[in-house]
Amino acid sequence: MLSIKNLHANIEGKEILKGINLEVKAGEVHAIMGPNGSGKSSLASVLAGRENYEVTEGEVWLDGKNLLDMKPEERAREGVFLAFQYPVEIPGVSNINFLRTALSEIRIHRNLPPLSAKEFLKMTKEKQELVEFEAKLANRSLNQGFSGGEKKRNEVFQLAMLEPKLSILDETDSGLDIDALRIVSSGINKLRSADNAFVLITHYQRLLEYIVPDFVHVLYNGQIVRSGTKELALELEEKGYDWLKEEFHSNESINNK
Amino acid sequence: MEKDDMMLDQLANREYEYGFVTAIDMDISETGLNEDTVRFISAKKNEPQWLLDWRMKGFHAFEKQDMPHWQNFKMPEIDFQAISYYAAPKQQAKYASLDEVDPELLRTFEKLGIPMSEQKQLAGVAVDVVFDSVSVSTTYKAHLNEMGIIFCSISEAVQKHPELIQKYLGSVVPHTDNVFASLNTAVFSDGSFVYIPKGVRCPMELSTYFRINAENTGQFERTLIIADEDSYVSYLEGCTAPMRDENQLHAAVVELIAMKGAEIKYSTVQNWYPGDKDGKGGIFNFVTKRGACRGERAKISWTQVETGSAITWKYPSILLQGDYSSGEFYSVAVTNNKQIADTGTKIYHIGANTKSRIISKGISAGEGQNSYRGLVQMGSRAANSRNFTQCDSLLIGDQCGAHTFPYIESKNNTATVEHEATTSKIGEDQVFYLNQRGIDAEQAIALIVNGYAKDVLNQLPMEFAVEAQKLLSLTLEGSVG
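Those protein sequences? They're chains Z and S, same order as listed. Numbering that gives the first Met the number 0 numbers the first residue of the first sequence as 0 and each following residue consecutively. Numbering that gives the first Met the number 0 numbers the first residue of the second sequence as 0 and each following residue consecutively.
Isolated chain Z (complex conformation) (with noise of 0.2 Å):
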């Protein structure tokens, strides 16, 4: 499905991400650990087309479109969705207006008849139930006056009712407690399927034993250091990653030689 080959990309000029090189194919959860600054919620910008990335080398295909041809809007019509870190307040609209504007151009994308008013609100309600989204939340204003854990589980809310193929879910986790960890984790399990892929960005493995992941990925300094199942991420959780580090720079040191 998605198909990432040697990317590189720059913010104001300092490079970002080094050469990633990632395959997801339908029915997949990948995750994407590492530490602070490694690259992970650049890729994940650069993946929804964020303007102040630049692009300098590489390939983004997903099911065969190039991505990176496409504007942020056009990537999300063709089923990329990105729960943000940190979602944005946008006052005096409401949530579910909002929704209904954006899954009728998702609609139109994908050649879908409109829904009715009536059609709508009953999937609403369905994924409201789906993802345990309180309705007096989905009734409000767009993240307004939210707490943290309630806007991640809005961005999950919209998850459900968007139903895109590629979800990347950027550090979706961090500010949760383990209730709303929970609520927020069943609510993605139930919406995996064998056509959808998903890709948890997280600094922790706490998400993933909620979450179990096909694959782990570890980036640093804006490279996949190194690949592997769901045991890694408990590797790294017991060593922490400055054994990763070291790795890389003796590495780095040879091939310098």
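By construction, these hints were calculated from the structure, which means they are not laboratory data. Zero decoy hints are in this set.
If you want a taste of the chain S side facing chain Z, the calculated C-beta under 10 Å gives, among others:
hint	residue
1	Ser423
2	Gly426
3	Phe431
4	Gln435
5	Arg436
6	Ile438
Think about it this way: if two alpha-carbon atoms lie no more than 20 Å apart in a straight line, the pair counts; the simulated EDC-like pairs of lysine to aspartate or glutamate are:
hint	chain 1	residue 1	chain 2	residue 2
7	S	Lys424	S	Asp439
8	S	Lys43	S	Glu29
9	Z	Lys70	S	Glu427
10	S	Lys424	Z	Glu50
11	S	Lys159	S	Glu46
12	Z	Lys150	S	Glu427
13	S	Lys424	Z	Glu88
14	S	Lys345	S	Glu408
15	S	Lys354	S	Asp229
16	Z	Lys189	Z	Glu131
17	S	Lys345	S	Asp322
18	S	Lys453	Z	Glu88
19	Z	Lys70	S	Asp439
20	Z	Lys150	S	Asp428
21	S	Lys166	S	Asp52
22	S	Lys166	S	Glu155
23	Z	Lys24	Z	Asp62
24	Z	Lys70	S	Glu441
25	Z	Lys70	S	Asp428
26	Z	Lys164	Z	Glu77
27	Z	Lys244	Z	Glu230
28	S	Lys166	S	Asp176
Being a predicted model, the structure only gives us computed values, none of them experimental. Each residue gets a CB set at the ideal place from its N, CA and C atoms; glycine is no exception.
Starting from the structure of chain Z, add chain S where the hints point.
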């Protein structure tokens, strides 16, 4: 939800869509302004002597006054001698039925989206249309008449209800008020008149549509609304003009009078031609609007959505004379490209236990300059009176400006005045967030702006709210870099 859908459906059309000119035979007076001009207009309208005398007083007051100098922009040079003060479609000015109206004129109204044939009326909106200087048609008149409601052009009211006109015209905005009000007094050509009798609740929205068509003309309409004791009326006005390279002057006066227990709700969607991207052309909109709550528990509410005009200079005001009377001012003003808006309100708390609420939302984009100017005055008798003001500015881009000039004067220490102000910028983060959900930048801005203005737009009747949302989006077209 419905409103947004309708708005989004109509987003495709992005130019100023009312910029066309109607090719119609016009009866246009020579340009220039002197006593003869005033006599000419008065004679055209077959007015009684007292009205001509009053016009003359206005004209002499106009001659003595200077242009205002306190606003937050450089007053443009206006050559009052280069303006024609009277323009009317050449057929007879009054029509007994729509069949007599020039078909070209009817097509114009169709283009403007005004349903003129009565069967096509939106349920519950009666329309009076002022085309250049004359009122063309007032719909639903018969139905309103049965209830004793008078809704007609002011020229007609002068002929048919002279006692009401003589008593109330100029009673809220005197002929000496300011240079533009004095000019209007001298040369006002037409406008609407409404009288709601005691205890009557007007069953439909009353609406006037103003259109400047002819070249080198000004529009000087005069509106007078009287709500007698315990009555209610909601009144809407809309405005458009053709695209022209030269500036045109619009100097209207609106007077509202609410008696004991009466309520007047006055809504404006102003979309005069704003000029082109470089600031060439556009309407100079210098308007005096004022309402008086004459009796106890009277209520006046102004709601305005100002998206058009090259310059808007407008401060709909309220005199809270009766005890327990209340006033509201809700405003959204948008300036894009080189547009200037200096707008706000003045609220005079005169009676005791009076209340007022001001919600102003300025939106600046392009190189637009937007000023809120407001005065809240608590008089010595205004015991226990309260005002709340909220004044927000939204900036799009970094070439525009937002300014706030709140004035508060209190002569009564039991009165309270609260003022809140915020300034914010549409963030790239907000736009990107919406993009990431499949919404393009134009729509994202429209959503954000409509969300920001929601408190004001909610005050508008449904048909106007849709129009206003659409206009906000259109006005801001191209403002996202």
